[in-house]
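Peer 1: Taken in order, these protein sequences are the chains called A and B.
With my numbering, letter number 20 in the first sequence gets 20, and the count goes up by one each step, no holes.
So the mapping is simple: my numbering equals the position in the second sequence, first residue as 1, plus 130.
Because the hints were derived from the structure by calculation, they are not lab data.
These numbers come from a predicted model, not from an experiment.
The beta-carbon is built from N, C-alpha and C at its ideal position, and this holds for glycine as well.
Be careful, since some hints might not be right.
Not the full set, but computed from the structure, chain B residues with beta-carbon under 10 Å of chain A [unchecked claim]:
no. : residue
1   : ASP154
2   : ARG228
3   : ILE236
4   : THR240
2 protein chains.
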Amino acid sequence: MRVEGVGMNGQDYWLPQPDLDGIDVGTVLQALADPVRLQIVRALDAAGESTCTALDVPVKASTVSHHMRSLRESGVVSTRLVGNARPSRLRRDDLERRFPGLLASILSATPPSRDGGDSPAGGPDPKPAL
Amino acid sequence: MRVEGVGMNGQDYWLPQPDLDGIDVGTVLQALADPVRLQIVRALDAAGESTCTALDVPVKASTVSHHMRSLRESGVVSTRLVGNARPSRLRRDDLERRFPGLLASILSATPPSRDGGDSPAGGPDPKPAL
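Only chain A is shown next, with the shape it has when bound in the complex (with noise of 0.2 Å):
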């Protein structure tokens, strides 16, 4: 993966990112499947961009940092350079084009309910969520 260089005139700088269409379904999922990095994606959706030392997460800066190289290498976020401080933000539109529907269903999915881990009566058909 390529670094970039510097530019001029103002531009914005950006961590090396793979393209839209060399982004893999799989390293996606493999990339949010983390318990920690899915936390990570639901308080970038909710903060727009954050550095990671001002990310709402119950972990170090230093950890969601890592976590979020693996994020931004597999195609999840961008990450910009700002003086010192390097931003991320969900690269939501980019996901859309390339598998609509995937971060959408992910972000706005509900924690199991507590009572609902098994199936009483077996089959392919259970009750309804309430």
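Based on the hints, put chain B in the right spot on chain A.
Peer 2: Only chain B this time, still in chain A's reference frame:
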């Protein structure tokens, strides 16, 4: 997870699986993030219903069986008992109700293009897929 009792009257019997409202998006993402399990899911999508032995994937039936259990316990597939056979199928309708758009977006995802690995110009606006 409770083991289903064996019923009577020619009814189908099913291995235990989480209820619709007990399915967790993080667990589903973990299940689908494994490359072999994603292959199994794609093969089941094509086959409709299949035993581990008959499924068209390039791994041993015992490996398929191991992964099929993970997929069932996470809520991605249902497995019937038919004599000694255990055909499985995707819980397509359940997953669509629980996480609308998730499974469809994964199954319809195209592989990344060969030359789409890096963003030559950087920034959050990569070139569109050809």
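Peer 1: Have a go at the ARG228 of chain B hint: is there a Cβ in chain A nearer than 10 Å to its own Cβ?
Peer 2: 7 Å, holds
Peer 1: Quick one, is the THR240 of chain B hint okay against chain A at 10 Å, beta carbons?
Peer 2: At about 8 Å, which falls below the 10 Å cut-off, the nearest Cβ of chain A leaves the hint on THR240 of chain B intact, so it holds.
Peer 1: Using 10 Å as the Cβ threshold, decide whether ASP154 of chain B counts as touching chain A.
Peer 2: Holds, because the Cβ-Cβ distance from ASP154 of chain B to chain A comes to roughly 5 Å (cut-off 10 Å).
Peer 1: Report holds or violated for the interface hint on ILE236 of chain B, using the least CB-CB distance to chain A and a cut-off of 10 Å.
Peer 2: Hint holds; ILE236 of chain B Cβ to chain A Cβ min 6 Å, cut 10 Å.
Comparing the model with each earlier hint shows no violations; every hint is respected.
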